[in-house]
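**Student:** Use these hints to put chains B, C and D with the ligands onto chain A, whose structure you have.
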Amino acid sequence: MIQPFTPEPIRFVAEDGTPVQPLPERYTPEVLRDLHRLMLQAREFDRKLITLLRQGRTTFYAQSSGMEATQVGLARSIRVGHDWVWPYYRDHTLGLAMGVPMAELISQCLGTNSDSCRGRQMPHHFAAQRQNFVSISSSIASQVPPAAGNAMAQKYLGVDEITVCTFGDGATSEGDWHAGMNMAGAAQAPALFVCENNQWAISTSIREQTASETIHIKAKAYGMPGYYVDGNDIIAVMEVCGYAAEQVRSGHGPALVECLTYRVGSHSNADADAEKHYRTREEVDAWLARDPITRLENLLAHLGHPVTAEDRAAMIAQTHREVDEQVLAAEATGQPDWRIMFEDVYADLPDHLRQQEAFLRAEQTGGRA
Amino acid sequence: MIQPFTPEPIRFVAEDGTPVQPLPERYTPEVLRDLHRLMLQAREFDRKLITLLRQGRTTFYAQSSGMEATQVGLARSIRVGHDWVWPYYRDHTLGLAMGVPMAELISQCLGTNSDSCRGRQMPHHFAAQRQNFVSISSSIASQVPPAAGNAMAQKYLGVDEITVCTFGDGATSEGDWHAGMNMAGAAQAPALFVCENNQWAISTSIREQTASETIHIKAKAYGMPGYYVDGNDIIAVMEVCGYAAEQVRSGHGPALVECLTYRVGSHSNADADAEKHYRTREEVDAWLARDPITRLENLLAHLGHPVTAEDRAAMIAQTHREVDEQVLAAEATGQPDWRIMFEDVYADLPDHLRQQEAFLRAEQTGGRA
Amino acid sequence: MTATQTRPEAAPMTTGRTINLIQAVTEAIAEEMERDQRVVLFGEDVGARGGVFMATAGLQERFGKNRVFDTPLSEASIVGAAVGMAVRGLRPIAEIQFADYMGPGFDQIISQAAKIRYRSGGQFTAPMVIRTPSGGGVKGGHHHSQSPESYYTHTPGLKVVMPSTPYDAKGLLKAALRGEDPVIYFEPKRLYRAAKGEVPDHDYVVKLGEAAIRREGSDLSLIGYGGVMPDLEKAAGALAAEGVSVEVIDLRSLVPWDRDRVLTSVQKTGRAVLVSEAPRISNFMGEVAYVIQEQAFDYLTAPVGQVAGFDTPYPYVQDKVYLPGANRIVAACVQALNY
Amino acid sequence: MTATQTRPEAAPMTTGRTINLIQAVTEAIAEEMERDQRVVLFGEDVGARGGVFMATAGLQERFGKNRVFDTPLSEASIVGAAVGMAVRGLRPIAEIQFADYMGPGFDQIISQAAKIRYRSGGQFTAPMVIRTPSGGGVKGGHHHSQSPESYYTHTPGLKVVMPSTPYDAKGLLKAALRGEDPVIYFEPKRLYRAAKGEVPDHDYVVKLGEAAIRREGSDLSLIGYGGVMPDLEKAAGALAAEGVSVEVIDLRSLVPWDRDRVLTSVQKTGRAVLVSEAPRISNFMGEVAYVIQEQAFDYLTAPVGQVAGFDTPYPYVQDKVYLPGANRIVAACVQALNY
Ligand SMILES: Cc1ncc(C[n+]2csc(CCOP(=O)(O)OP(=O)(O)O)c2C)c(N)n1
Ligand SMILES: Cc1ncc(C[n+]2csc(CCOP(=O)(O)OP(=O)(O)O)c2C)c(N)n1
Ligand SMILES: [Mg+2]
Ligand SMILES: [Mg+2]
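Here the protein sequences come in this chain order: A, B, C and D.
Positions 103 to 471 (the working numbering) are the ones given, in order, by the first sequence.
Positions 103 to 471 (the working numbering) are the ones given, in order, by the second sequence.
Positions 1130 to 1468 (the working numbering) are the ones given, in order, by the third sequence.
Positions 1130 to 1468 (the working numbering) are the ones given, in order, by the fourth sequence.
Read the hints as simulated data drawn from the structure, not as lab findings.
A virtual CB, placed ideally from N, CA and C, is assigned to each residue, including glycine.
Any given hint could turn out to be false.
Stated by the list, open to error - Below 27 Å or equal to it, Euclidean Cα-Cα: the simulated DSSO-like pairs (lysine-lysine) are: (1) Lys150/B / Lys378/B; (2) Lys1194/C / Lys1303/C; (3) Lys1268/C / Lys1303/C; (4) Lys1194/C / Lys257/A; (5) Lys1194/D / Lys1303/D; (6) Lys378/A / Lys1397/D; (7) Lys1397/D / Lys1268/D; (8) Lys1449/D / Lys1363/D; (9) Lys1303/C / Lys1325/C; (10) Lys1303/C / Lys257/A; (11) Lys1268/D / Lys150/A; (12) Lys1325/D / Lys1363/D; (13) Lys1363/D / Lys1397/D; (14) Lys378/B / Lys1194/C; (15) Lys1325/C / Lys1449/C; (16) Lys1336/D / Lys1397/D; (17) Lys1363/D / Lys378/A; (18) Lys378/B / Lys1268/C; (19) Lys1449/C / Lys1363/C; (20) Lys1325/D / Lys1449/D; (21) Lys1363/C / Lys1268/C; (22) Lys1268/C / Lys1325/C; (23) Lys257/B / Lys1194/D; (24) Lys1303/D / Lys257/B; (25) Lys1363/C / Lys1325/C; (26) Lys1268/D / Lys1363/D; (27) Lys1325/D / Lys1268/D; (28) Lys1397/C / Lys1268/C; (29) Lys150/B / Lys1268/C; (30) Lys1325/C / Lys1336/C.
Unchecked claim - Take a look, some chain D residues computed to stay more than 10 Å from chain C by CB distance: (31) Asp1165; (32) Gly1193; (33) Tyr1247; (34) Thr1254; (35) His1331; (36) Lys1336; (37) Val1450.
Stated by the list, open to error - What the simulated footprint calls covered on chain A by chain D, stretch by stretch (three residues with Cβ under 8 Å from a Cβ of chain D suffice, anywhere in the stretch; the number is not a length): (38) 267 to 280; (39) 386 to 398; (40) 412 to 425.
Same shape as in the complex, but just chain A (with noise of 0.2 Å):
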């Protein structure tokens, strides 16, 4: 059993890569190696996407750099296709770890022809159906209360599903964040909150934006319980997100968690050299030393299967590779044309709507006077 409202981050794993407590059989090599190597594949990922936002190949990226711990041990708690998850725009490491492929997320990025979206919306804001991973919107919180309604559904069908949510630090300051919360208590529905508390919201520190000691603890507010553990422990958030998920699938109703994590990179291009105003160096370089990746490679070491520099290598180009030839595919399906703005606005195209297409038929096509 673990405990809610611990005054310290519950942790397993110390950031030298000894183990804290004892860690639980399911944690072979082989399982440490494949969370690893989704970590790893992340933050890569990251490097190639910033590397194309240079290019000027796609507009907006909000890497998660620092927090893979986070979502992929989050990942690891989700039944895939299964549970249901209302995630926010820094998610996309969650949507990897859960399986959603590259060529979606990267496709979504361009806004291409093989963008599930459709081109829509703004890099970053993915949506895949086959794994119940719903649309983001750029609106901070606003997916909490729909959240709560996702999970209220699966108890009213009867199903043995929870609705998993995720959101930043910040965005617990928004209405709709407690009015989702709070909804989701009193239905007693079976949806598992996870706040990817990083520390910042651009240039808001968590001190600025909240007098609560902590995000765990305004669980109170809505009568669940609310857990505390070390973000950048993947073993520490698959054990608290893991059990926690299983508490509120077996009837016990909603929880909170709360990952403290942080993020070493820009909170996204457009912040990208605007960091030096708001916060140290001498900060970000303390987390990049509590790297969750560096401290797995640790506890790998410590265990006697040290992850080798070729590994690396070998898993760093792989993803480099993937990367590149999923851009290529994705660019050469070309960009969507005008017609899609009038599709899914609508279940059918109202009148007026076919009417404004027509007109852009006609001014796109050149048959206009």
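**Tutor:** Here is chains B, C and D with the ligands on its own, set in the frame of chain A:
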């Protein structure tokens, strides 16, 4: 020093009127008699206004019967005309006890020319400039973020005022409630938030409203102290609100007080017959038996200063007289005409409103085709 | 096609019953809940209390607490929960106690309900209905009287309807519930009990996007929707007594709206007066007026006229003065006729 | 009075400097903070970060953290706090990071800011400015491109402005801050750096409610506001090359708007084309069109034309296609001219 987050509501006087802890010296018989007079006045004000409503002389009324200890007790913690108050629509007793003239309240309920709000809002949505008793909006919890801002302004100006903000239990579910509380916390603004927890929001019980055990515990989410008080014990309300107000005033940041009380009457006239559908007579009777006025009378009796039947009758007659006089006086001023529709929309009268006003003048004065 | 051919009132109603508008709402909900287990209903005080207007009276008893239930006091969570339920396969009916209280749920409506189909390329959709009483005339001051429909008609991805008869109330609600899009269903509260009319005993729907001709006429097209409709009919009656033949059109559905029927009418009459009770600037009737003058310019013998709410908050004491009434409508018609 | 007499650009600017629109915003804020201690500025990331567009860069350093500060991530609390501060006597400038994110603050805007003066009979008022970047053209998809101004123009009690030049940006913001009403001040983000122009060194304001004639003409009145203005000027230029004389009007202020100047122009030209980028249905230009056809019916030689956004969510890939551009505007003018 009074403790926040007590498991039970803080109480000074038991229901039978015996003190359960020593009463501070300031509660002299005169002071207690005065509090009693105010509570009884408020109770009778309710009675009289409901009669007016039945006579069709007003259209809406929301009684505070059963909640007098909370509102009068809170009023005594406010430096009237110095501190600022963002109240909610059930706070006429708070207003009365703060010295808002009965004439003002009645004029607003009747929407007469004597109404300083100019007959623009539905009854029971008061505003009293002299008392810094800020205009009430029907939109539940919408006063909370402005109250935070009011307190932030006070801090900015360096004045020693505080801002008091009240709301019901239902209001705590709104997103704006959260937004305002969190803002006040983050800004460490001098705001005192008071929940008048009467355990029902129309037909929705506090149990359906939120899964949190209590309301005051929600203060944890905002890093502020949450005090839990027996809202039918006026001494306890004054002690706790007075203490919390002093803390707020002396720069310790905002605080939340939950006054546990009960709405013994209907939610509003619109709800009068509906009550039986959602709560039992036994529940209401149990709370009628814990009446705050009776409790104070018991205390006075216990202290050797009983309120005699004659005293009581005289006070009641006095209130009735006063209400009758004020109603007649207000009605005598007549109802505002169509002109008031266009005033106070803006500080000036923009052209489009000038034209609309001219149109309506022509229509109302018969100058049209 | 002439206007009357598809006139719904012309449908055979051998076994019709006369009910009022609020009963029509209750019946529609009950029947749809009966035929489709996916339909659930929730909001503030809709359960044991039956809603503050009693629109949902008896439904919790009949369908149980897991299908009809009270929520915490938060419109954002009511609308948002409906979105999530719809995405997960239910057909939620979310009640907002008064249209004036849609504000706290506004972002859920415009960012989630309205856009999830579009932004996900149709991978996730939100077929749902938000029901809410709206409009003035009940001495409710500005938080129980407003007509916010124009905000929602200005939000692509939403459909918006407002019935004025029991027949339409029932038929539109059923159609909305069987559709695949989010629909904002405004209930003109001052007609809840005042509007009475026949409904057939058999199942029927009123398709979204079709206006109804309430009265045929040749001199002027008088166009409205929702709570003002009885005043339009009264005005048309008064004008008829003066020998003026007014065609009265009830839009019923705002998005999509029935351009064809409106234009056909105006092409015939050459004059149009549009009536609504929402404030004038940026109201929905601005679009109708725009399209009329754009598409029927050469037919117009007078400017398109409008009677709307004033651009002030809705007042309390002057409740009735604020609203367009039959007299003000007649005056606008006379002005158009004398142009 | 002819239109040019009050043309603000005609004001003497002996010591003018050329700046861009975002600099104009920064200058206006700084100067008003300098002259009035009651002015405070806050929002998400406006402090050390200087705002995501750098509109407030340097202001926290200059005026201190108690006058320029970051808030928690909640638009309801940002707007609401501004209301409370204004009631208590300050002159708050609340920044909403993108106009698309006004949604969570919607009820605070419509229920508190817009109504407190009215409902209290003027006992309490909320003189405040909400600044927010709006409009498309930055490949931001539908949450960084929308033009929600029509919602606010439909809300009595609010004033709404949108400049398109540095001169107006500075003058309108100062006027808004010195006024007694809540003003929603939209900043057309794609013009932040693109719009350059002279501003005088001396203090000045641009009065709310006055349109500016950008180009005089006799054949057609081309009317817009905000981000579309450069396209209007481009279109007018193209038409001039064809011998067509177009009068270009920048509304600048939507509530109140300058009926007189618009009507005077249309009475002269007989033709009007209205341009905005917000979705068509219930947009603000519907009101302008309505008034033109109502008040200048006999002068019109063609229907009032509109180029607006499509009634779809704002797309990502088709960012530029969605927006009215000079070509589409020219086509609409040609249609009106050939009617
Ligand atoms: C309603 C709303 N307001 C403002 C924004 C602009 N914005 C985008 S990201 C962001 C910060 C979010 O911080 P947090 O929730 O901590 O997530 P993180 O980016 O740190 O993962 C802000 C203010 C938005 N997207 N939505
Ligand atoms: C935003 C909003 N939603 C709904 C309502 C309708 N309404 C009026 S009073 C009320 C219940 C309020 O309960 P509570 O906050 O506990 O206060 P009480 O009436 O019990 O004093 C509701 C739902 C409203 N006024 N505002
Ligand atoms: Mg963060
Ligand atoms: Mg209550």
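**Student:** Now look at each hint and say whether the structure bears it out.
**Tutor:** For each hint, the structure was consulted:
no.	hint	result
1	Lys150/B / Lys378/B	23 Å, holds
2	Lys1194/C / Lys1303/C	22 Å, holds
3	Lys1268/C / Lys1303/C	30 Å, violated
4	Lys1194/C / Lys257/A	13 Å, holds
5	Lys1194/D / Lys1303/D	22 Å, holds
6	Lys378/A / Lys1397/D	56 Å, violated
7	Lys1397/D / Lys1268/D	39 Å, violated
8	Lys1449/D / Lys1363/D	16 Å, holds
9	Lys1303/C / Lys1325/C	18 Å, holds
10	Lys1303/C / Lys257/A	25 Å, holds
11	Lys1268/D / Lys150/A	21 Å, holds
12	Lys1325/D / Lys1363/D	15 Å, holds
13	Lys1363/D / Lys1397/D	22 Å, holds
14	Lys378/B / Lys1194/C	18 Å, holds
15	Lys1325/C / Lys1449/C	21 Å, holds
16	Lys1336/D / Lys1397/D	25 Å, holds
17	Lys1363/D / Lys378/A	40 Å, violated
18	Lys378/B / Lys1268/C	26 Å, holds
19	Lys1449/C / Lys1363/C	16 Å, holds
20	Lys1325/D / Lys1449/D	21 Å, holds
21	Lys1363/C / Lys1268/C	22 Å, holds
22	Lys1268/C / Lys1325/C	22 Å, holds
23	Lys257/B / Lys1194/D	13 Å, holds
24	Lys1303/D / Lys257/B	25 Å, holds
25	Lys1363/C / Lys1325/C	15 Å, holds
26	Lys1268/D / Lys1363/D	22 Å, holds
27	Lys1325/D / Lys1268/D	22 Å, holds
28	Lys1397/C / Lys1268/C	39 Å, violated
29	Lys150/B / Lys1268/C	21 Å, holds
30	Lys1325/C / Lys1336/C	21 Å, holds
31	Asp1165	28 Å, holds
32	Gly1193	33 Å, holds
33	Tyr1247	5 Å, violated
34	Thr1254	14 Å, holds
35	His1331	34 Å, holds
36	Lys1336	19 Å, holds
37	Val1450	15 Å, holds
38	267 to 280	holds (count 6)
39	386 to 398	violated (count 0)
40	412 to 425	violated (count 0)
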